[in-house]
Amino acid sequence: MKRKPQSPPADLGTAEIVSPTILENAKRSLLNEGPKTTVKCVVCSAEATPTAGEQLCWVCRRLKISAWRDADNQLSSQE
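Going by this note's numbering, the final residue of the sequence shown carries number 79, and the count climbs one at a time with no gaps.
FYI, nobody ran anything at the bench for these hints, they're computed from the structure. Don't take each hint at face value.
To be verified - Okay, the calculated beta carbon distance ranges per label pair:
(1) THR37 / ARG62: 16 to 26 Å
(2) LYS2 / TRP58: 48 to 58 Å
(3) ASN32 / ARG62: 30 to 40 Å
(4) VAL18 / SER45: 33 to 43 Å
Remember, it's a predicted structure, so these values are computed and weren't measured experimentally. C-beta: ideal position from N, C-alpha, C; glycine also.
Given only the sequences and the hints, what does the whole structure look like? Please build it.
Here you go:
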């Protein structure tokens, strides 16, 4: 079966995809963002969340939670 001929694509160079006001607002918001502060994990020195009270990366935080869970299970089995 033969393919049907397709119409040529419209010229995208002349069409306005994003309005200039939206583009200007996006550029301005990126300039106002400023530098991000990064915090290092106290265990492995990976990037950690600056807003967290404990300065742990997500991996070390998960390991800590897992260790707490294991310790709780051991205490309940001893009783």
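Hints, one by one, checked against the model:
no.	hint	result
1	THR37 / ARG62: 16 to 26 Å	23 Å, holds
2	LYS2 / TRP58: 48 to 58 Å	55 Å, holds
3	ASN32 / ARG62: 30 to 40 Å	34 Å, holds
4	VAL18 / SER45: 33 to 43 Å	40 Å, holds
Checked against the numbered hints given earlier, this structure breaks none of them.
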